[in-house]
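Trainee: Make a model of the complete structure from these sequences and hints.
Just so you know, we're using this note's numbering here: the sequence shown kicks off at 40 and counts up by one.
A couple of the hints might just be wrong.
Said to hold, decoys possible - Quick list of in silico lysine-lysine cross-link-like pairs, DSS-like style, CA-CA up to 25 Å:
#, residue 1, residue 2
1, 85, 142
2, 99, 114
3, 154, 99
4, 142, 154
5, 99, 85
6, 88, 99
7, 85, 114
8, 114, 88
9, 85, 154
10, 85, 106
11, 106, 142
12, 88, 154
13, 154, 114
14, 88, 106
15, 142, 99
16, 154, 106
No wet-lab data here; the hints were simulated from the structure.
Since we're looking at a predicted model, the values are computed, not measured.
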Amino acid sequence: MRIVLGFPQKLWRIVNKYYNTRRSWCEKSCLMKLSEIESENDIINKFIKDSSARKVVIIKELDEETKTFLENSFKDYNFNIISEENNNFNTDRINILTVDMAKGMEFDSTLIFTKGMNNNEMYISLTRSLINNYVILN
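Mentor: And the structure:
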């Protein structure tokens, strides 16, 4: 114990080298990707430019604030709000639906607005995409 306390910097370097060689590729890759933070507009533009056929926006609920935000975000694009009355998906448009409606479905790309979602709803939303997930944290 005395030796360890006498050479803390040297011990720290050895432990750090050992730890870094033992980290998995996935952990290194995920940490690197998480460090890339983009603005909401950049994420929305990437989602719009995504060439996937089945694109959806997943939200917690369609309140007035969310509806206004979506109308402003997709004002130049056709979008289709999926509801109990209108449950027809349109591949020519961006479909918007709630977490409850998305449960059990799969899509090519999803844009997820996390506002008001609990952990379970986040999990459901994040596991709906087959190719690309775009997430806006609120």
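Trainee: Any hints this thing doesn't respect? Which numbers, in order?
Mentor: As far as the earlier hints go, not one is violated by this structure.
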